[in-house]
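Chemist: Quick note, the sequences are listed as chains C and P, same order.
Going by the numbering used here, the first sequence opens with residue 1, and the numbers climb by one from there.
Going by the numbering used here, the second sequence opens with residue 1, and the numbers climb by one from there.
Think of the hints as simulated: they come from the structure by calculation, not from any bench.
There's no promise every hint is true.
Unchecked claim - In silico negatives: residues of chain P with every beta carbon more than 12 angstroms from chain C:
#1 W71
#2 L102
#3 A248
Unchecked claim - Each pair of labels, with its calculated beta carbon distance range:
#4 P191/P <-> M159/C: 44 to 54 angstroms
#5 F274/C <-> L27/P: 17 to 27 angstroms
#6 N67/P <-> I184/C: 50 to 60 angstroms
#7 V166/P <-> V29/C: 52 to 62 angstroms
#8 S240/P <-> L26/C: 40 to 50 angstroms
#9 T28/P <-> K98/C: 44 to 54 angstroms
#10 I22/C <-> N140/P: 54 to 64 angstroms
#11 S141/C <-> K59/P: 36 to 46 angstroms
#12 I90/P <-> S205/C: 45 to 55 angstroms
#13 S53/P <-> K98/C: 31 to 41 angstroms
#14 G238/C <-> Y16/P: 18 to 28 angstroms
#15 M159/C <-> L139/P: 46 to 56 angstroms
#16 L54/C <-> L136/P: 40 to 50 angstroms
Yeah, the Cβ is synthetic: ideal placement off N, Cα and C, and Gly gets one too.
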Amino acid sequence: MKKWIGKSENLAAYLFLAPFLIIYALFMVYPIIRGFFISFHTYQVGVEPIFTGLENYKTMIEDAYFWEALGNTLYFVVISTPVLIAIGLLMALLVNSKLKGTTFVRATFFLPFILSISVMASVWVFIFQPYTGLLTSILLSIGVEQDIFWLTDDVLAWMAILVATVWWTVGFNMILFLAGLQEIPREQYEAAEIDGAGPFRTFISITLPSLKSIIVLIVILQTINSFKLFGQPYLMTGGGPGTSTRPLVQYIYEKGFIEQQMGVASSMSYVLFFITIIFAFLQFKFFSRRNEEDK
Amino acid sequence: MKNKKKKSSFGRKLLYIFAFFCVMLWLTPVLWMFLTSFTPRGGAVTVLSELFSPPFSLKNFEYVLTNSLIWRWTFNSFLVATITTILTVILTSLAAFALSKLKFKGRNVVFWVIIAGLMVPVEAMIIPLFQVMIDLNLLNTYGALILPNLALPLGVFILKQFYDGVPNELMEAARIDGASLLRIYWNIFLPLSKSSMAALGIFTFILSWNDFLWPFLAVNNESMFTLPVAIPTFQSAYSSELMIPMAANVLASVPALIVFVLFQRHIIQGVAMTGIK
Numbered sequence: 001m002k003k004w005i006g007k008s009e010n011l012a013a014y015l016f017l018a019p020f021l022i023i024y025a026l027f028m029v030y031p032i033i034r035g036f037f038i039s040f041h042t043y044q045v046g047v048e049p050i051f052t053g054l055e056n057y058k059t060m061i062e063d064a065y066f067w068e069a070l071g072n073t074l075y076f077v078v079i080s081t082p083v084l085i086a087i088g089l090l091m092a093l094l095v096n097s098k099l100k101g102t103t104f105v106r107a108t109f110f111l112p113f114i115l116s117i118s119v120m121a122s123v124w125v126f127i128f129q130p131y132t133g134l135l136t137s138i139l140l141s142i143g144v145e146q147d148i149f150w151l152t153d154d155v156l157a158w159m160a161i162l163v164a165t166v167w168w169t170v171g172f173n174m175i176l177f178l179a180g181l182q183e184i185p186r187e188q189y190e191a192a193e194i195d196g197a198g199p200f201r202t203f204i205s206i207t208l209p210s211l212k213s214i215i216v217l218i219v220i221l222q223t224i225n226s227f228k229l230f231g232q233p234y235l236m237t238g239g240g241p242g243t244s245t246r247p248l249v250q251y252i253y254e255k256g257f258i259e260q261q262m263g264v265a266s267s268m269s270y271v272l273f274f275i276t277i278i279f280a281f282l283q284f285k286f287f288s289r290r291n292e293e294d295k
Numbered sequence: 001m002k003n004k005k006k007k008s009s010f011g012r013k014l015l016y017i018f019a020f021f022c023v024m025l026w027l028t029p030v031l032w033m034f035l036t037s038f039t040p041r042g043g044a045v046t047v048l049s050e051l052f053s054p055p056f057s058l059k060n061f062e063y064v065l066t067n068s069l070i071w072r073w074t075f076n077s078f079l080v081a082t083i084t085t086i087l088t089v090i091l092t093s094l095a096a097f098a099l100s101k102l103k104f105k106g107r108n109v110v111f112w113v114i115i116a117g118l119m120v121p122v123e124a125m126i127i128p129l130f131q132v133m134i135d136l137n138l139l140n141t142y143g144a145l146i147l148p149n150l151a152l153p154l155g156v157f158i159l160k161q162f163y164d165g166v167p168n169e170l171m172e173a174a175r176i177d178g179a180s181l182l183r184i185y186w187n188i189f190l191p192l193s194k195s196s197m198a199a200l201g202i203f204t205f206i207l208s209w210n211d212f213l214w215p216f217l218a219v220n221n222e223s224m225f226t227l228p229v230a231i232p233t234f235q236s237a238y239s240s241e242l243m244i245p246m247a248a249n250v251l252a253s254v255p256a257l258i259v260f261v262l263f264q265r266h267i268i269q270g271v272a273m274t275g276i277k
């Protein structure tokens with residue numbers, strides 16, 4: 001009897017899992033293997049693939065544009081992560097304080113996150129547009145008459161991308177921080193107040209240490225996201241001026257779909273894949289450690 | 001004591017001013033988008049004060065609605081996002097139920113294979129995924145836009161965690177009463193997980209509604225565009241008349257804004273839940 005139940009439960013479980021697993025195998029597992037295969041071949045749509053061993057990886061390593069694109073992505077990771085964490089935390093502190101209307105403020109900060117990247121980019125392109133852009137108008141109204149070409153200067157273009165990204169995504173980090181802040185027991189703050197600690201002191205010795213694990217989580221999540229950078233530069237600067245804001249994902253897209261060198265593009269994908277896997281793995285470690293702590 | 005109170009109320013005033021300043025900073029781009037979209041073509045958008053003064057008109061919206069395929073694109077976005085959301089919730093909750101409450105051979109292997117999927121960015125898979133779509137003859141179809149997004153490992157992870165918290169006794173009791181597994185899933189677990197599934201659903205809808213890179217690659221026929229793919233075409237075609245692209249932006253954002261206003265609380269709770277708990 002027991003054995004019979006066991007068998008039917010096996011079958012039932014697989015029936016429950018089947019719809020998910022079929023889609024998952026076809027559009028997730030298989031493409032990963034396929035991509036690995038492609039990266040060892042000369043590969044074009046409609047042409048029989050030719051095995052070329054590590055040739056694509058060699059081409060990739062010798063390609064200065066690949067290193068530039070990887071460098072650009074890294075640069076974005078380095079400049080965006082601290083800013084997105086600091087501002088996210090500041091916002092969370094603000095909406096966690098006992099002010100009136102914090103629900104509204106919280107919603108306002110989160111609002112841009114639901115706008116599509118295309119809408120977001122389009123709005124910011126027109127903000128940064130020379131002569132007629134919003135920023136130019138604001139600068140004019142406070143007496144700055146010089147026209148600044150935000151999106152066509154390589155330093156300023158990165159600033160523009162960063163500002164747009166912060167505006168668009170920082171609300172997400174704020175919510176994570178807020179969830180963390182609300183887990184800090186109130187008694188700790190009351191104790192600090194009795195000891196006569198000022199707000200700054202309380203922040204340094206109670207708030208920050210309690211948020212340590214959430215800061216780690218946000219650093220990892222943010223790094224993964226920043227490595228996947230594509231839409232902001234693609235839509236705002238086209239990767240320019242020249243190739244100075246072209247990130248790795250955009251170069252993979254151009255190599256694979258415009259130059260039709262799918263093999264080389266696949267080997268670059270594996271570099272991206274490898275980098276994100278490291279950070280995703282750290283993130284997973286972090287998750288499982290926290291879950292065990294909860295139990 | 002009195003002094004301290006005074007000081008703190010001064011601090012509070014400063015905080016309010018700071019908060020107001022931040023809110024203005026965050027709202028300005030959205031407000032500007034709206035104001036510009038209501039400014040008649042040829043009107044001035046470079047002088048700030050004129051943005052707030054009439055005449056306002058709906059002509060830009062009328063123009064966008066009649067001179068582009070925006071109805072079709074909105075329909076595509078709605079269809080894709082709705083089907084993706086419904087199917088994702090069904091597929092992930094069925095899988096999560098099996099992984100959480102059923103004992104079967106290979107359970108750990110299946111679980112780890114799905115969890116490993118959490119680590120795979122679509123951005124690194126665009127080339128082989130594109131090849132798969134060519135093989136299946138799905139490029140430029142709704143299938144290409146929907147299918148790759150259904151198997152969402154994060155959804156399985158979240159719902160499994162929820163089901164893990166449901167006591168096993170509940171399940172045993174139902175079994176003793178002779179209920180089939182499908183019945184147990186349908187009558188007990190689905191109603192219990194309504195709020196988790198709603199959060200996952202809202203999330204999936206917004207992600208799908210705003211998805212850019214994959215639809216950008218998977219469809220190149222204008223009538224199959226989703227809104228995020230179509231919006232940049234306005235930007236390049238009307239770069240000197242920004243009221244037209246702004247009207248398109250507003251039209252493309254309104255559905256997401258409505259979802260946001262209606263479900264704001266759930267969305268924000270949903271983020272916190274997936275991030276930490």
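Chemist: A range of 44 to 54 angstroms was offered for this pair. Does it hold for the Cβ distance of P191/P and M159/C?
Modeler: Once the Cβ atoms are compared, 50 angstroms apart, the range 44 to 54 angstroms for M159/C and P191/P holds.
Chemist: Are L54/C and L136/P spaced within 40 to 50 angstroms by their CB atoms?
Modeler: At roughly 30 angstroms between Cβ atoms, L136/P and L54/C fall outside 40 to 50 angstroms, so the hint is violated.
Chemist: Holds or violated: the 54 to 64 angstroms window for the beta-carbon distance between I22/C and N140/P?
Modeler: Violated - the Cβ-Cβ distance for I22/C and N140/P, about 23 angstroms, lies outside 54 to 64 angstroms.
Chemist: Within 40 to 50 angstroms or not, the Cβ separation of S240/P and L26/C?
Modeler: Between S240/P and L26/C, where Cβ atoms are some 46 angstroms apart, the hint holds.
Chemist: If I take the minimum Cβ distance from L102/P to any residue of chain C, is it greater than 12 angstroms?
Modeler: With a cut-off of 12 angstroms, L102/P comes too close to chain C, as the shortest Cβ separation is near 4 angstroms.
Chemist: Using the C-beta atoms of N67/P and I184/C, is the stated range 50 to 60 angstroms upheld?
Modeler: 54 angstroms, holds
Chemist: Could you check the hint for me, namely that S141/C and K59/P are 36 to 46 angstroms apart, CB to CB?
Modeler: Distance hint for S141/C, K59/P is violated at roughly 27 angstroms.
Chemist: Between T28/P and K98/C, does the beta-carbon spacing fit 44 to 54 angstroms?
Modeler: 27 angstroms, violated
Chemist: Given a hint of 31 to 41 angstroms, does the C-beta separation of S53/P and K98/C actually sit inside it?
Modeler: 39 angstroms, holds
Chemist: For the hint 52 to 62 angstroms, verify it against the beta carbon of V166/P and that of V29/C.
Modeler: Given range 52 to 62 angstroms: violated, Cβ gap about 29 angstroms.
Chemist: Holds or violated: 17 to 27 angstroms for the Cβ distance of F274/C and L27/P?
Modeler: 40 angstroms, violated
Chemist: Using the C-beta atoms of I90/P and S205/C, is the stated range 45 to 55 angstroms upheld?
Modeler: Taking Cβ atoms as reference, I90/P and S205/C lie about 48 angstroms apart, which means the hint holds.
Hint compliance for this structure: hints 2, 3, 5, 7, 9, 10, 11, 14, 15 and 16 are not met, and every other hint is.
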